Amino acid sequence: MQNLSERCLTVIQKRPQNSHKGTFGRTVLIGGNAQFGGAIMMSAEACVNAGSGLTTVITDPNNHQALHARIPEVMTVDWNDNKRCDSVLASADVILIGPGLGEDEKSQELLTYTFQKQAENQLLVIDGSAITLFAKNDENLPHPTQTIFTPHQMEWQRLSGIKIADQTEEINQAVQEKLEATIVLKSHHTEIYSTQGSFLESIR
1 MQNLSERCLT VIQKRPQNSH KGTFGRTVLI GGNAQFGGAI MMSAEACVNA
51 GSGLTTVITD PNNHQALHAR IPEVMTVDWN DNKRCDSVLA SADVILIGPG
101 LGEDEKSQEL LTYTFQKQAE NQLLVIDGSA ITLFAKNDEN LPHPTQTIFT
151 PHQMEWQRLS GIKIADQTEE INQAVQEKLE ATIVLKSHHT EIYSTQGSFL
201 ESIR
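Numbering of the sequence shown is given in UniProt numbering, commencing with residue 1 and proceeding in unit increments.
Simulated from the structure, these hints should not be mistaken for laboratory data.
Hints should not be assumed to be uniformly reliable.
[Unchecked claim] In silico BS3-like links for lysine-lysine, alpha-carbon gap of 27 Å or less: (1) LYS163 <-> LYS178; (2) LYS136 <-> LYS178; (3) LYS136 <-> LYS163; (4) LYS117 <-> LYS136; (5) LYS21 <-> LYS117; (6) LYS136 <-> LYS186.
[To be verified] Computed spacing ranges between beta-carbons, pair by pair: (7) GLU73 <-> CYS8: 21 to 29 Å; (8) ILE164 <-> GLN17: 43 to 51 Å; (9) LYS163 <-> SER91: 35 to 43 Å; (10) PRO16 <-> ASP166: 40 to 48 Å; (11) SER19 <-> GLU105: 38 to 46 Å.
The structure displayed is predicted, hence computed values, not measured ones.
By construction, the Cβ of each residue, glycine as well, lies at the ideal position given by its N, Cα and C atoms.
My request is simple: use the sequences and hints to build the entire structure.
What follows is the structure, given as structure tokens:
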């Protein structure tokens, strides 16, 4: 397993002076039902702090006021507004679905909808309850090589069928090759499995 720490540091570069928020991409986050709004808020805050140029959250309308109060840089869209959701997703560079999404019928509809809307040139990150929904239902990834799963060990067990005690580098890599998507496995350190091999991220 290759160590990724040095590679990660090369990504962090000084931003050019002649730039604006549109220079640094458009990210759309989908999640946060009425019960678990905090998860999508923390995700949006992390996204802004990581440097996303334009960040939009598609979420339950109950979360809009809190999002505006906590992270005024973030734009919000009611996840019941299909026309607005279509427009926002079409312009995204990166789409994230899952934090606080829940596992009910509405959650499944949103996941299926996201798969239908993902374009070939868009990265899709699948996190949290969206991983569990994907694992439970017979769906295909529209663009596997443009997809990243970010499971913790139990979510990876659900997705891969590998028990936590058996999640070795070799077995994890074999399942990644079947899925074709990149796997960012969260434990006491982070392991990444991709078509380029396996990597260990141990930055603290």
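**Q.** Numbered hints the structure breaks, given as an ascending list
**A.** Those not satisfied: there are none.
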